[in-house]
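Asks: Sequence:
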Amino acid sequence: MEHQNKAIAALRSMLPILLITLAMTGVMIGVYALIGRLTGKVLLGAALGTAAALLNFAVMTLSVVKAESAESPERGALQVRLNYVIRMIVLAAALIVALKTDVFDPIATVLPLCFIRIAIFVSEIFRKKEAN
140 MEHQNKAIAA LRSMLPILLI TLAMTGVMIG VYALIGRLTG KVLLGAALGT
190 AAALLNFAVM TLSVVKAESA ESPERGALQV RLNYVIRMIV LAAALIVALK
240 TDVFDPIATV LPLCFIRIAI FVSEIFRKKE AN
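The numbering used here puts the first residue of the sequence shown at 140, with every later residue one more than the last.
Hints were generated in silico from the structure; no laboratory data involved.
Worth double-checking, as some hints may not be accurate.
As the list claims (entries may be wrong) - Pairs of lysine to aspartate or glutamate, DMTMM-like flavour, derived with a Cα cap of 25 angstroms:
no.	residue 1	residue 2
1	K145	E207
2	K267	E207
3	K145	D241
Keep in mind the model is a prediction, meaning the values are calculated, not measured.
Could you put the whole structure together from the sequences, leaning on the hints where they help?
Replies: Written out as structure tokens, the structure reads:
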């Protein structure tokens, strides 16, 4: 039960990051519209990139929470490393498919992966300010 409570708390703490990422993706789509380059490929790329970034972050967060309850710290660290490798392979495969097919806009697909990093940074700044 404690593991489930930690997972719920971790997902709750992710909410600002998810919202910031979605907002930045919305701004990106708006910029594409303003410059007259908004197409179905851009929307599909934005959807794929955002989904991949958010899913990757959520799985990472939950794997760390799960690793905390491992039988030993070494076992937990191994689980996190293995999860990282699997997540990167899945992410790379999604990006390769997106870039090799003519269905997704490459820039609109890749940018949300950068947005999640920015969202984490911004969220941490606000979290530290709230703690003070």
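Asks: Next, verify each hint and record whether it holds.
Replies: Status of the hints after comparison with the structure:
1. With a CA separation close to 10 angstroms, the supplied pair K145 and E207 stays within the 25 angstroms bound.
2. Restraint check for K267 and E207: satisfied, since their Cα atoms lie roughly 23 angstroms apart, inside the 25 angstroms limit.
3. Annotation: proposed proximity of K145 to D241 is violated, straight-line Cα distance about 41 angstroms (limit 25 angstroms).
Of the hints listed earlier, the one the structure fails to meet is number 3.
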